[in-house]
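Trainee: Below are the chains, spelled out letter by letter.
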Amino acid sequence: DAGITQSPRHKVTETGTPVTLRCHQTENHRYMYWYRQDPGHGLRLIHYSYGVKDTDKGEVSDGYSVSRSKTEDFLLTLESATSSQTSVYFCAISDWGGGPDTQYFGPGTRLTVL
Amino acid sequence: AQTVTQSQPEMSVQEAETVTLSCTYDTSESNYYLFWYKQPPSRQMILVIRQEAYKQQNATENRFSVNFQKAAKSFSLKISDSQLGDTAMYFCAFMGRVGGNQFYFGTGTSLTVIP
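Going down the list, the protein sequences come from chains A and B. Residue numbers for the first sequence follow my numbering, beginning at 91 and rising by one. Residue numbers for the second sequence follow my numbering, beginning at 43 and rising by one.
Everything labelled a hint here was simulated from the structure, so no lab data went into it. Bear in mind the structure is a predicted one, so any value in this text is a computation, not a measurement. Watch out, some of these pointers could steer you wrong.
[Stated by the list, open to error] Looking from chain B toward chain A, a few residues come up when the C-beta cut is under 8 angstroms (computed):
1) 89
2) 143
3) 145
[Claimed, not checked] Listing some non-contacts, in silico: residues in chain B with all C-beta distances to chain A over 12 angstroms:
4) 48
5) 57
6) 105
7) 116
8) 123
9) 129
10) 154
Here a beta-carbon is modelled for each residue, glycine too, at the ideal position from N, C-alpha and C.
Generate coordinates for the entire structure from the input sequences, incorporating the hints supplied.
Mentor: Rendered as C-alpha cells:
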C-alpha cells in the first residue's frame with residue numbers, strides 16, 4: 091500500500107470555525123489531490139497540486155483553499171466551515187511513470203460541521 | 043469536463059456467480075486511462091483494475107476483467123466467481139491527459155454478494 095496518511099481521521103466542528111486537514115505521503119509522488127465523497131456524487135475533486143507551491147482548482151473548490159510547502163504534505167483548509175462541507179475527505183497521490191498514473195488514496199477523514 | 047456514468051446504483055450476485063458492472067464515459071480525448079476502484083465498508087479506496095485507451099486488449103486481474111469498447115465509450119467490469127469479500131461500492135474513473143492527471147469518478151455501484 092502507498093504510504094499516505096490523513097489527519098485527523100474524524101473531526102466534529104461548528105459552523106464558522108476554520109478547519110485544516112492534513113495529507114502526508116512518504117512516496118515522493120509529484121501529484122497530490124483532495125476529494126470529497128458524498129452520497130449520490132461519488133468522489134469530486136476539490137484541489138490538486140502538481141508540485142511544491144503549485145496548485146490548481148478542481149470541480150468543487152469554492153470554500154476551500156490548499157497549500158503545499160513540502161513534497162510530502164498537502165493541506166486542505168476550510169476557512170469558515172459550513173454544514174454543506176460535512177463530508178468524507180480523501181487525499182490521493184500519483185506520479186508520472188512508465189504506465190498509467192494510478193491514484194492511490196489515503197484512508198479518508200470524516201468531517202462533521204454542526 | 044469529462045463525465046462518467048454508472049447507471050446501476052445497486053446490484054447483487056450469488057456467491058460463486060459472475061456479475062458485470064456497467065460504466066460509460068464521455069470525452070473528446072483520444073489518449074486516456076480508465077480505472078475501477080473498490081471501496082469496502084472500511085472506506086479505503088482500492089484499485090481493482092486499469093485500462094489504457096490505446097490498448098485494444100482488455101485488462102484482466104485474476105477474477106476481475108474489463109470489457110473496453112472505445113467507440114461506444116463503455117468500460118464494464120466483470121467479476122467472476124464472486125466472493126463475500128467482493129461486497130463493496132465500485133467506482134469507475136476516467137483520467138485524461140488534459141489538466142494535471144485529474145480523475146473523474148462515476149457515482150458508484152453498490153455490490154452485495156449473497157451467500
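Trainee: Next, verify each hint and record whether it holds.
Mentor: Now for the hints, and whether the structure bears them out:
1. Because the smallest distance between the Cβ of residue 89 (chain B) and any Cβ of chain A comes to about 6 angstroms, under 8 angstroms, the interface hint for this residue holds.
2. Here the hint on residue 143 (chain B) is kept, as its CB sits about 5 angstroms from the closest CB of chain A, short of 8 angstroms.
3. Against a cut-off of 8 angstroms between C-beta atoms, the interface hint on residue 145 (chain B) holds, since the closest Cβ of chain A lies about 6 angstroms away.
4. Under the 12 angstroms C-beta cut-off, the non-interface status given to residue 48 (chain B) relative to chain A is violated; the minimum distance is some 8 angstroms.
5. At roughly 27 angstroms, the least C-beta separation between residue 57 (chain B) and chain A is larger than 12 angstroms, which holds for a residue marked as non-interface.
6. For residue 105 (chain B), the requirement that its beta carbon stay farther than 12 angstroms from each beta carbon of chain A is met, with the minimum near 20 angstroms.
7. The Cβ of residue 116 (chain B) lies farther than 12 angstroms from every Cβ of chain A, with a closest approach of about 18 angstroms, so its non-interface assignment holds.
8. With a least beta-carbon separation of about 25 angstroms from chain A, residue 123 (chain B) lies farther than 12 angstroms from that chain, consistent with its non-interface assignment.
9. Residue-level check passed: residue 129 (chain B) sits 18 angstroms from the nearest beta carbon of chain A, beyond 12 angstroms.
10. Listed as a non-interface residue, residue 154 (chain B) keeps its Cβ farther than 12 angstroms from every Cβ of chain A; the least gap is roughly 17 angstroms.
Hint 4 alone, counting from the list given before, is not met by this structure.
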